[in-house]
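Q: Sequence:
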Amino acid sequence: MNAIYRSEDAHRAVEQRYRTLLRRWPVPATESTVSTRYGDTFVIVSGPRDAPPVVLLHGGSFNSAAWTGDVATWAQTHRVYAVDVIGEPGLSAPSRPPLTSGCYAEWLDDVLGAFDIGQSAFVGTSLGGWLALDYALRRPERITRLALLVPGGIGRQKNGAVIAALFLLPFGAWGRRAAVRLVLGPPPAVSAVAAESAELADFLLLIQRSYRRRRDRLPIFSDDRLRRLDVPLLVVAGAKDRLLDSRQTARRVRRLLPRATVVLLPDTGHIPIGYTRTVQRFLIGEDARQAGG
0 MNAIYRSEDA
10 HRAVEQRYRT
20 LLRRWPVPAT
30 ESTVSTRYGD
40 TFVIVSGPRD
50 APPVVLLHGG
60 SFNSAAWTGD
70 VATWAQTHRV
80 YAVDVIGEPG
90 LSAPSRPPLT
100 SGCYAEWLDD
110 VLGAFDIGQS
120 AFVGTSLGGW
130 LALDYALRRP
140 ERITRLALLV
150 PGGIGRQKNG
160 AVIAALFLLP
170 FGAWGRRAAV
180 RLVLGPPPAV
190 SAVAAESAEL
200 ADFLLLIQRS
210 YRRRRDRLPI
220 FSDDRLRRLD
230 VPLLVVAGAK
240 DRLLDSRQTA
250 RRVRRLLPRA
260 TVVLLPDTGH
270 IPIGYTRTVQ
280 RFLIGEDARQ
290 AGG
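The sequence shown begins at 0 in numbering that gives the first Met the number 0 and counts up one residue at a time.
Accuracy of the hints is not assured; some may be wrong.
Derived pair list, reagent style EDC-like, types lysine to aspartate or glutamate, alpha-carbon separation capped at 20 angstroms [to be verified]:
(1) Lys157 <-> Asp266
(2) Lys157 <-> Asp49
(3) Lys157 <-> Asp215
(4) Lys239 <-> Asp201
The calculated label-pair distances, taken between Cβ atoms and stated as ranges, are [what the hints assert, rightly or not]:
(5) Gln15 <-> Arg250: 41 to 51 angstroms
(6) Glu140 <-> Ile283: 16 to 26 angstroms
(7) Gln15 <-> Pro265: 30 to 40 angstroms
(8) Arg211 <-> Pro265: 30 to 40 angstroms
(9) Pro47 <-> Glu285: 18 to 28 angstroms
(10) Gly273 <-> Arg23: 19 to 29 angstroms
(11) Gln247 <-> Arg214: 33 to 43 angstroms
(12) Pro257 <-> Ala12: 18 to 28 angstroms
(13) Glu140 <-> Asp8: 37 to 47 angstroms
(14) Arg155 <-> Ser100: 19 to 29 angstroms
(15) Asp266 <-> Ser100: 33 to 43 angstroms
The hints are simulated quantities; they were obtained by calculation from the structure and are not laboratory data.
Glycine is no exception: its CB is placed at the ideal position from the N, C-alpha and C atoms.
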């Protein structure tokens with residue numbers, strides 16, 4: 000049995016639903032599975048072949064279906080590589096090396112090498128933001144621009160909402176939905192996801208009841224390490240994030256990296272909304288602070 004799932008049936012159910020969603024990818028794309036030293040890795044590639052590359056790293060307990068609302072915009076100007084993170088409920092290997100090691104940087108070395116990418120912009124959400132930031136600090140020569148959405152590793156990780164949600168899980172489908180709403184943030188964010196795709200919201204619930212999420216906390220990057228970051232940086236965070244202290248994230252970035260652009264979204268939890276064009280402007284070198292939507 001795949002150890003990151005609660006059963007083989009659960010594994011099959013998540014994979015089948017994911018493949019159904021992938022058939023509706025909003026732009027022409029190719030799907031590849033590349034070999035890395037930490038296992039096979041699934042990548043969806045979209046956009047013009049001669050456009051500058053951008054690598055997308057989704058958040059924990061999800062997969063590249065997270066980008067279905069964004070990729071059509073970003074693929075207009077970039078060659079987009081949506082990568083299923085290893086150890087998460089996508090189509091990549093279930094391996095989970097220690098986050099405190101350099102293994103994830105080596106994994107990304109192998110992914111970029113498989114596509115002959117020397118340098119790339121990166122966009123990462125939550126865990127994916129942590130992975131992108133870790134890679135930028137370990138491999139600064141490989142990064143052209145870095146966009147972090149509700150990133151881990153800068154502000155402290157919160158536990159209160161997760162602990163409270165555990166008491167709701169035994170109450171069937173209602174309890175699972177309530178737990179997701181509690182953890183992911185204020186109703187506007189969760190409602191936005193449901194409005195964009197009820198099927199995507201149901202998929203998230205399927206994952207929550209089928210998958211064994213990571214238990215290790217995301218390491219916090221030190222002030223000294225963050226000060227060494229020397230690439231154009233955009234940070235988008237939710238002011239009411241119940242998983243990460245995004246206000247602390249914003250304060251640290253503004254203090255340590257004063258040239259960075261920080262967007263703190265009011266009334267937004269751990270699911271950022273309305274960031275697609277902000278990121279697009281950043282990727283093409285425009286002032287992201289002027290962006291909306």
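Q: Each hint should be assessed against the structure and marked as holding or not.
A: Do the hints match the structure? See the list:
Taking the CA atoms of Lys157 and Asp266, the gap is near 18 angstroms; set against the 20 angstroms cutoff, the hint holds. Taken as a hint, the Lys157 and Asp49 pair is broken in the structure, with Cα atoms around 42 angstroms apart against an allowance of 20 angstroms. Taking the CA atoms of Lys157 and Asp215, the gap is about 13 angstroms. The hint holds against a cut of 20 angstroms. Distance restraint check for Lys239 and Asp201: the Cα-Cα separation of roughly 23 angstroms exceeds the 20 angstroms cut-off, and the hinted pair is therefore not satisfied.
For Gln15 and Arg250, the hinted distance range of 41 to 51 angstroms is satisfied, since their beta carbons lie about 43 angstroms from each other. Roughly 22 angstroms separates the CB atoms of Glu140 and Ile283, a value that falls within the hinted 16 to 26 angstroms. A hinted range of 30 to 40 angstroms for the beta carbons of Gln15 and Pro265 is consistent with their spacing of about 38 angstroms. Roughly 34 angstroms separates the CB atoms of Arg211 and Pro265, a value that falls within the hinted 30 to 40 angstroms.
For the pair Pro47 and Glu285, the beta carbons lie near 19 angstroms from each other, so the given range of 18 to 28 angstroms is met. Against the hinted window of 19 to 29 angstroms, the Cβ-Cβ separation of Gly273 and Arg23 comes to about 22 angstroms, which satisfies the hint. Distance hint for Gln247 and Arg214: a CB-CB separation of about 22 angstroms, inconsistent with the stated range 33 to 43 angstroms. The hinted range of 18 to 28 angstroms is not satisfied by Pro257 and Ala12, whose Cβ atoms lie roughly 47 angstroms apart.
For Glu140 paired with Asp8, a C-beta distance near 45 angstroms keeps the hint of 37 to 47 angstroms intact. About 22 angstroms separates the C-beta atoms of Arg155 and Ser100, a value consistent with the hinted range of 19 to 29 angstroms. Between Asp266 and Ser100 the CB atoms are about 37 angstroms apart, so this pair conforms to the stated range of 33 to 43 angstroms.
When held up to the earlier numbered hints, the structure conflicts with 2, 4, 11 and 12 and fits the remainder.
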